[in-house]
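A.B. asks: Given chain A, work out where chains B, C and D should sit, using these hints.
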Amino acid sequence: MTVRVQESDFDVGAELDRLTSSNRRIGGLAVFVGLVRELHVREGYHRDRIDALTLEHYPGMTEAALEEIEAEAHRRWPLEATVIVHRYGRLEPGDRIVLVAVGSPHREAAFEACEFLVDWLKTKAPFWKLEDTPKGEKWVGAHAGDDRAAARWVKK
Amino acid sequence: MTVRVQESDFDVGAELDRLTSSNRRIGGLAVFVGLVRELHVREGYHRDRIDALTLEHYPGMTEAALEEIEAEAHRRWPLEATVIVHRYGRLEPGDRIVLVAVGSPHREAAFEACEFLVDWLKTKAPFWKLEDTPKGEKWVGAHAGDDRAAARWVKK
Amino acid sequence: MKVRYFAWMKRTVGLAEEEVTLPADVTTVGELVAWLRQRSGGHAEALAEGAAFGAAVDKRTVPFDAKLAGAQEVAFFPPFTGG
Amino acid sequence: MKVRYFAWMKRTVGLAEEEVTLPADVTTVGELVAWLRQRSGGHAEALAEGAAFGAAVDKRTVPFDAKLAGAQEVAFFPPFTGG
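Chains as they are written, first to last, in this note's numbering: chain A, 1 to 156; chain B, 1 to 156; chain C, 1 to 83; chain D, 1 to 83.
This is chain A alone, in the form it adopts within the complex:
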């Protein structure tokens, strides 16, 4: 279980190697990498071109929130290893924003837990996105779809 919040880029291959090295029980690794898109497409509506994205976060709370989400995934699925790396600061189209990787003996658990982590971190970790567009700066609003996606995982 690892959580890191950093300004610098991460090396996906190296992160995955670290995750699986010395663990021979991992049969499947489900991974998500979030990237900065040039066009902000949401609910079918093409918005302005994005020149850059600046991610603000709440140091201390961010790490605690991500660790809580990670611990919850381990409670819900039989996972061998997880890593979450989230960047902050100024990013450009094509840049990596976030890495979520989950190793489990079974691919179904790995996929489910990876989706869960991505959904939950979008709604429970204190990050805010400021888009730099040709028309000026614009704070990204919360996405109703993200709340719906996160709500899928609420335990009844």
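Hints listed in this document are in silico derivations from the structure and should not be mistaken for laboratory results.
Just so it is clear, the structure is predicted and the values come from calculations on it, not from any experiment.
Treat the hints loosely; a few may be bogus.
[What the hints assert, rightly or not] Cβ-Cβ distance ranges computed for the label pairs, FRET-style:
1) A:Asp132 <-> C:Phe64: 28 to 34 Å
2) A:Gly94 <-> B:Ser8: 44 to 50 Å
3) C:Ala16 <-> B:Gly89: 53 to 59 Å
4) D:Ala52 <-> A:Trp153: 35 to 41 Å
5) C:Phe64 <-> A:Arg49: 47 to 53 Å
6) A:Trp153 <-> B:Asp11: 30 to 36 Å
7) A:Lys155 <-> D:Gly50: 44 to 50 Å
8) B:Arg18 <-> C:Ala16: 38 to 44 Å
9) A:Pro78 <-> B:Asp51: 22 to 28 Å
10) A:Gly94 <-> D:Glu19: 50 to 56 Å
11) A:Lys138 <-> B:Gly145: 43 to 49 Å
12) A:Trp153 <-> B:Gly94: 27 to 33 Å
[Said to hold, decoys possible] These stretches of chain D come out as covered by chain B in the derived footprint (C-beta under 8 Å, 3 or more residues):
13) 2-8
14) 56-64
15) 73-80
Here a beta-carbon is modelled for each residue, glycine too, at the ideal position from N, C-alpha and C.
C.D. replies: Coordinates of chains B, C and D only, in the frame set by chain A:
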């Protein structure tokens, strides 16, 4: 769209970089890496320890089958880029077997298509696994769970 | 007690953080919001009734009826948009 | 026409592939299976009725009632276990 069947290992980081380079429309990359486990765990039952796994395949048919599966994923979801790399030959616990990576503007499509590709390649691509265990060689039987997983995607 | 603002709320308030000394009748996050609104036009706008924002006490998200007793840091922020 | 065997079927038949010349009355994959069974004990065992195996004609999976006309290569194999 890329499909490769090879004996040598692959570099996950380099494969993903190739997938996303020069495409600024990818917002999410869903990735699966299959690895050789030391213990064959299936339906809760621990089998013999595995010393090695030898993957046999049907050259020519394998590539065609993977390309068909990949094309089907592109028909079903709005994908920007996909890559499937599957190894054959002798592998040891901890070794990578397969990489499936899917880039899409939206993470939901990326996750769904990645799961679809993994499920389908397990049941539709001509690979066979021979386990080398302390008790001798053993061909891996088809897994009922894999058929059920693949059946989820059959269009009604 | 320290109060912090994030994202557009920080810009609207015009401050990233401030030290405040609470009057005795401000005991919950909701009461703190009402009290802070009086400090400036920026505060009033950022913390306006009906605005979509959340709060954390000592770096844990809390509802607005959460008690402030013992709190060292309260933060206000728009909905999260990470990932 | 070339006939190929994979995985445990290759070991049981004792051959990875063989060239065969079909009699005129063998026109489908199913008829080919029945005809091949007579070639050896290994063939009979690998291609036994009720055994779980599939077939491909010219590298495409086919059902057992598929026609052989024009086929260059027929393959028999156990269920796939890749990924």
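A.B. asks: Compare the structure with each hint and give your call.
C.D. replies: Structure-based check of each hint:
Take Asp132 (chain A) and Phe64 (chain C): their Cβ atoms lie about 33 Å apart, and the range 28 to 34 Å holds. Evaluation of the 44 to 50 Å hint for Gly94 (chain A) and Ser8 (chain B) yields a failure: the beta carbon distance comes to about 28 Å. Look at Ala16 (chain C) against Gly89 (chain B): about 58 Å separates their beta carbons, and that is inside 53 to 59 Å. Separation of Ala52 (chain D) from Trp153 (chain A) is about 38 Å and conforms to the stated range, judged on CB atoms against 35 to 41 Å.
For the pair Phe64 (chain C) and Arg49 (chain A), the supplied restraint of 47 to 53 Å is violated, since their beta-carbon distance comes to about 38 Å. Taking 30 to 36 Å as the suggested C-beta distance range, the pair Trp153 (chain A) and Asp11 (chain B) conforms, at roughly 33 Å. For the pair Lys155 (chain A) and Gly50 (chain D), the supplied restraint of 44 to 50 Å holds, since their beta-carbon distance comes to about 46 Å. Checked against the hint of 38 to 44 Å, the pair Arg18 (chain B) and Ala16 (chain C) passes, with Cβ atoms roughly 41 Å apart.
In this structure, Pro78 (chain A) and Asp51 (chain B) meet the distance hint of 22 to 28 Å, their C-beta atoms being roughly 24 Å apart. Between Gly94 (chain A) and Glu19 (chain D), the C-beta spacing of about 54 Å keeps the proposed range 50 to 56 Å intact. Separation of Lys138 (chain A) from Gly145 (chain B) is about 46 Å and conforms to the stated range, judged on CB atoms against 43 to 49 Å. At about 31 Å, the beta-carbon gap between Trp153 (chain A) and Gly94 (chain B) stays in the expected band of 27 to 33 Å.
For the stretch 2-8 of chain D, the stated coverage by chain B holds: 4 residues have a C-beta nearer than 8 Å to a C-beta of that chain, and at least 3 were required. For the stretch 56-64 of chain D, the stated coverage by chain B holds: 4 residues have a C-beta nearer than 8 Å to a C-beta of that chain, and at least 3 were required. A count of 5 residues in the stretch 73-80 of chain D with a Cβ less than 8 Å from any Cβ of chain B is obtained; the coverage claim is therefore met, three being the minimum.
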